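These protein sequences, in sequence, are chains A, B, C, D and E. Be aware that the first sequence starts at 1, since it is given in my numbering, and climbs by one per residue. Be aware that the second sequence starts at 1, since it is given in my numbering, and climbs by one per residue. Be aware that the third sequence starts at 1, since it is given in my numbering, and climbs by one per residue. Be aware that the fourth sequence starts at 1, since it is given in my numbering, and climbs by one per residue. Be aware that the fifth sequence starts at 1, since it is given in my numbering, and climbs by one per residue.
In short, the hints are calculated from the structure, not lab data. On a predicted model such as this, the values are computed, not experimentally measured, just so you know. Each hint should be verified, as a subset may be incorrect.
Among the chain D residues that face chain B by a calculated CB cut under 8 Å, a handful are [to be verified]:
| id | residue |
| --- | --- |
| 1 | T13 |
| 2 | I14 |
| 3 | S16 |
| 4 | P17 |
| 5 | Q22 |
| 6 | L26 |
| 7 | L30 |
| 8 | L34 |
| 9 | R35 |
| 10 | V47 |
| 11 | Q66 |
| 12 | V67 |
| 13 | E72 |
Reference listing, derived: stretches of chain B covered by chain D, where coverage requires no fewer than 3 residues with Cβ under 8 Å from a Cβ of chain D [what the hints assert, rightly or not]:
| id | stretch |
| --- | --- |
| 14 | 20-32 |
| 15 | 45-58 |
Glycine residues also receive a C-beta, built at the ideal position from the N, C-alpha and C atoms.
Chain by chain, the residues run as shown.
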Amino acid sequence: MKIGRVAGTVVSTICSPAYERQRLLLCDLLGEDLRPTGEYTIAVDSVYAGAGETVLIIDEGNSARQVTGIPEAPIRAVVVGS
Amino acid sequence: MKIGRVAGTVVSTICSPAYERQRLLLCDLLGEDLRPTGEYTIAVDSVYAGAGETVLIIDEGNSARQVTGIPEAPIRAVVVGS
Amino acid sequence: MKIGRVAGTVVSTICSPAYERQRLLLCDLLGEDLRPTGEYTIAVDSVYAGAGETVLIIDEGNSARQVTGIPEAPIRAVVVGS
Amino acid sequence: MKIGRVAGTVVSTICSPAYERQRLLLCDLLGEDLRPTGEYTIAVDSVYAGAGETVLIIDEGNSARQVTGIPEAPIRAVVVGS
Amino acid sequence: MKIGRVAGTVVSTICSPAYERQRLLLCDLLGEDLRPTGEYTIAVDSVYAGAGETVLIIDEGNSARQVTGIPEAPIRAVVVGS
Chain A
1 MKIGRVAGTV VSTICSPAYE RQRLLLCDLL GEDLRPTGEY TIAVDSVYAG
51 AGETVLIIDE GNSARQVTGI PEAPIRAVVV GS
Chain B
1 MKIGRVAGTV VSTICSPAYE RQRLLLCDLL GEDLRPTGEY TIAVDSVYAG
51 AGETVLIIDE GNSARQVTGI PEAPIRAVVV GS
Chain C
1 MKIGRVAGTV VSTICSPAYE RQRLLLCDLL GEDLRPTGEY TIAVDSVYAG
51 AGETVLIIDE GNSARQVTGI PEAPIRAVVV GS
Chain D
1 MKIGRVAGTV VSTICSPAYE RQRLLLCDLL GEDLRPTGEY TIAVDSVYAG
51 AGETVLIIDE GNSARQVTGI PEAPIRAVVV GS
Chain E
1 MKIGRVAGTV VSTICSPAYE RQRLLLCDLL GEDLRPTGEY TIAVDSVYAG
51 AGETVLIIDE GNSARQVTGI PEAPIRAVVV GS
């Protein structure tokens, strides 16, 4: 898992149906010193995190499917803590 | 997921049968500022994205197989939103 | 597997229920010379490692689920030796 | 998927039985401009690619097993187009 | 797959039971020119490779489980040729 900070939500005009009920968060990845590393990921939310919040992100598909409870979800990264 | 921009389609003269009906997109990966990072990926299309469009790309095999609906597809990255 | 050093434990005020009984370790990744590389990961503990200890970390979801014995655990990295 | 160029074949004097009937290709990874990035991978061949050929490489275990048709093959990268 | 060179074996005083009968090799990753890249991995041995030997390493959990023949092994990287 990595530490991230929520930069905002992502809205896509055309997208696969699987994402229609998912809240997608654009997250800056942080170093141990909680400063941005310059990298980011787009993760599905599971804890109702808001912009600016420091969060825990797991970037593994099977974990993301467990956390969201949707075994066939096409997701890879998920915010699991804040 | 990452943000990308479609640079064009990829055509291969000889390829595995699994790719014969897939549209392959060469996508530049973008940073949060929507500027190219210098990296790219080749992803299967699922939203009929055109050249120059900004897209969402998921780079995980099981997700790609879910999105395309082909459980045995040998694909890893897929364009899921634009 | 990689070599790491435990920097501390991670506590999250709001988190997915799957993590409630897991001890999460913030680990600095080390090079072969046992000096920090500047990268880190957050791994589930399986050997009761303490802060400052040099540990072995495996960063693969299916392995992490085997080590913890929880087939549906949404975890990716686990400390497996010290 | 990534673009690569076949640099040669890999022959191993002692290897796991699973590789005995596989042709292993040493491939330079290329950028979008088709110039070497300095990185490489060793991939199983599925299209009879020759040295110097530009190829498409997929680097995901489950895809590689689908392309080769051997569900239990211990392979991760495969050349799927040229 | 990548090319590596065995730097030595890894011994852990406390470790998960799954590793008790596995020989763990610390391997320097090499470039195509067979010079060290500065990166390393710790891989399970499957070909009785010795220190200083040039080896083939596959870094994917399902492959590693196939090569070792232990479906539930928590391993990710394995030395498959030398």
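Hint validity - D/Q22 Cβ closer than 8 Å to any chain B Cβ
Status violated, d = 15 Å.
Does D/Q66 meet its interface restraint, that is, does its C-beta lie within less than 8 Å of any C-beta in chain B?
This interface hint holds because 4 Å falls under the 8 Å limit.
Grab the minimum C-beta distance from D/E72 to chain B and call the hint holds if it beats 8 Å, violated otherwise.
Because about 15 Å separates D/E72 from the closest Cβ in chain B, which is outside the 8 Å limit, the hint is violated.
Verify the interface restraint on D/P17: the C-beta must sit less than 8 Å from at least one C-beta of chain B.
violated, 23 Å
Please check whether D/R35 passes as an interface residue: C-beta within 8 Å of a C-beta belonging to chain B.
violated, 12 Å
Interface restraint verdict for D/S16 against chain B (beta-carbon cut-off 8 Å)
violated, 22 Å
Quick check on the hint: D/L26 CB to chain B CB, less than 8 Å?
violated, 19 Å
Restraint check, 8 Å cut-off on beta carbons, for D/V47 near chain B
holds, 5 Å
Classify the hint on D/T13 as holds or violated, based on whether any CB of chain B lies nearer than 8 Å to its CB.
Check failed: Cβ of D/T13 comes no nearer than 30 Å to chain B, outside 8 Å.
Within the assertion that chain D covers the stretch 20-32 of chain B, do at least three residues meet a Cβ-to-Cβ distance smaller than 8 Å?
holds (count 3)
Hold the hint about D/V67 up to the distance rule: shortest CB distance to chain B must be less than 8 Å.
Holds - the Cβ of D/V67 comes within 8 Å of chain B, reaching about 5 Å at its closest.
Under 8 Å, Cβ to Cβ, is where D/L30 needs to be relative to chain B, so tell me if that hint holds or is violated.
Violated - the Cβ of D/L30 stays beyond 8 Å from chain B, reaching only about 10 Å at its closest.
Violated hints, in rising order: 1, 2, 3, 4, 5, 6, 7, 8, 9, 13, 15; the structure is consistent with all others.
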